[in-house]
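Residues are numbered in the numbering used here as their position in the sequence shown, beginning at 1, plus a constant of 5.
One or more hints might be untrue.
As the list claims (entries may be wrong) - List time: in silico DSBU-like cross-link candidates among lysine-lysine, alpha-carbon distance up to 30 Å:
{"hint": "1", "residue 1": "K102", "residue 2": "K179"}
{"hint": "2", "residue 1": "K133", "residue 2": "K208"}
{"hint": "3", "residue 1": "K187", "residue 2": "K332"}
{"hint": "4", "residue 1": "K102", "residue 2": "K133"}
{"hint": "5", "residue 1": "K67", "residue 2": "K358"}
{"hint": "6", "residue 1": "K117", "residue 2": "K158"}
{"hint": "7", "residue 1": "K117", "residue 2": "K88"}
{"hint": "8", "residue 1": "K332", "residue 2": "K351"}
{"hint": "9", "residue 1": "K332", "residue 2": "K88"}
{"hint": "10", "residue 1": "K138", "residue 2": "K158"}
{"hint": "11", "residue 1": "K102", "residue 2": "K247"}
{"hint": "12", "residue 1": "K208", "residue 2": "K179"}
{"hint": "13", "residue 1": "K332", "residue 2": "K133"}
{"hint": "14", "residue 1": "K158", "residue 2": "K102"}
{"hint": "15", "residue 1": "K179", "residue 2": "K133"}
{"hint": "16", "residue 1": "K102", "residue 2": "K88"}
{"hint": "17", "residue 1": "K158", "residue 2": "K88"}
Stated by the list, open to error - Label pairs and their calculated CB-CB ranges:
{"hint": "18", "residue 1": "R349", "residue 2": "G86", "range": "19 to 27 Å"}
{"hint": "19", "residue 1": "K158", "residue 2": "I354", "range": "49 to 57 Å"}
{"hint": "20", "residue 1": "K138", "residue 2": "E87", "range": "35 to 43 Å"}
{"hint": "21", "residue 1": "D348", "residue 2": "G290", "range": "41 to 49 Å"}
{"hint": "22", "residue 1": "V193", "residue 2": "D71", "range": "27 to 35 Å"}
{"hint": "23", "residue 1": "E323", "residue 2": "A64", "range": "31 to 39 Å"}
{"hint": "24", "residue 1": "T167", "residue 2": "N194", "range": "19 to 27 Å"}
If you're looking for bench data, these hints aren't it; they were derived computationally from the structure.
No residue lacks a Cβ here, since even glycine has one placed at the ideal position from N, Cα and C.
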Amino acid sequence: MKNNKISRRTFIQSSGLSVAAWATLGQGRPAQGGEAARSSGNLWPGRVAAVSNPGAVTASAKLQPDQVREMVDRAVLELTGEKSLEEAWALLLPGLKPEDAVGIKANVINPKLPTHPEVVAAVVAGLKAIGVKENKIVIWDRVSNGTLGSFAKSGYTLNDSTAGVRCLGTDHEKVGWDSQVKAQVPSVNLEFPVSRLASEMVKYSINIPVLKDHNTPGITYALKNYYGCIPLLDAPLLAKVKASRMHTGNGNPQIAELYNNSVFRDKTRLHLGDALLFSHVNGPGGPATGAAYAIHATTDPVAMDMVGLEIVDRKRREDGLEPVAAKSGYIQAAAGLGLGVADRAKMDIREVKLG
């Protein structure tokens, strides 16, 4: 896939997405633990659907909603092997009841390069197609609006009402951290309360990260997006000390160990990577510096991070920069925990080129 330099970042307001609202839920608490075990949500280890379309991004870095929707739909079909979107989504999210909610974990910590609203809108449409009610869809991240992230600045509309698709952060007064569900990170002897939006308020989670380089683990994509599910930096001094420990050693193996908690590992049913635009320098807080024009769909976050790493390092080599792969040992650590496939030769990359 061709990676073009992006001269400027255009922020996009999603005209097709009514991002809203709030309702009280009780989905029950999942089993806990940091034990090494294959994710019950990883239906196809090593399989990644990689759909690209240069026409989905304009020269001024604006996204084309209809083409993005086509890419997401095709990625879900390629991943599942189903013939219809209804069958594909039903396979990914089995046994949903009318009272069940589905969470969409976005990444809006950097409004210069957030999870694009157009990608989330396509997922929302897919969920509605299988009968998930709008108010049972929750788009979320650690912070609603603030110095550590902003939905509003990222093109979303916050809404905590009882109508429409909900969109809010863990910092919302009706959310907060779940003191009864703790994520264990054994290598640094830490545990964290988990966002209630990950633990008790949804039946299933969909992870939609955006691809960025990162000064610590090399990249941030599928696995590191779960750092937004625990209190880091936005909490008192003790939590800030813990945040520092979560990044020592390039986050290896902390990133892998965090995801290995069942509240993340077993409840996440789809990782949908936004690599339409990405950064290969000055991440994770800088603007987009390249375009892969790609959407990645998988149930294997390890494989997806390997694909993302290849994109970032390819662009870095083109620009004469040192690859970041040496920093990304957490990917191999995750494979060692049975969370997915890191061996490129054993992956099933299903490439589709549109446009």
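Hint by hint, here is what the structure shows:
no.: 1; hint: K102 / K179; verdict: 23 Å, holds
no.: 2; hint: K133 / K208; verdict: 16 Å, holds
no.: 3; hint: K187 / K332; verdict: 27 Å, holds
no.: 4; hint: K102 / K133; verdict: 13 Å, holds
no.: 5; hint: K67 / K358; verdict: 19 Å, holds
no.: 6; hint: K117 / K158; verdict: 8 Å, holds
no.: 7; hint: K117 / K88; verdict: 36 Å, violated
no.: 8; hint: K332 / K351; verdict: 22 Å, holds
no.: 9; hint: K332 / K88; verdict: 40 Å, violated
no.: 10; hint: K138 / K158; verdict: 26 Å, holds
no.: 11; hint: K102 / K247; verdict: 38 Å, violated
no.: 12; hint: K208 / K179; verdict: 18 Å, holds
no.: 13; hint: K332 / K133; verdict: 40 Å, violated
no.: 14; hint: K158 / K102; verdict: 34 Å, violated
no.: 15; hint: K179 / K133; verdict: 25 Å, holds
no.: 16; hint: K102 / K88; verdict: 23 Å, holds
no.: 17; hint: K158 / K88; verdict: 37 Å, violated
no.: 18; hint: R349 / G86: 19 to 27 Å; verdict: 21 Å, holds
no.: 19; hint: K158 / I354: 49 to 57 Å; verdict: 34 Å, violated
no.: 20; hint: K138 / E87: 35 to 43 Å; verdict: 22 Å, violated
no.: 21; hint: D348 / G290: 41 to 49 Å; verdict: 32 Å, violated
no.: 22; hint: V193 / D71: 27 to 35 Å; verdict: 45 Å, violated
no.: 23; hint: E323 / A64: 31 to 39 Å; verdict: 19 Å, violated
no.: 24; hint: T167 / N194: 19 to 27 Å; verdict: 42 Å, violated
Going through the hint list in order, the structure does not satisfy hints 7, 9, 11, 13, 14, 17, 19, 20, 21, 22, 23 and 24.
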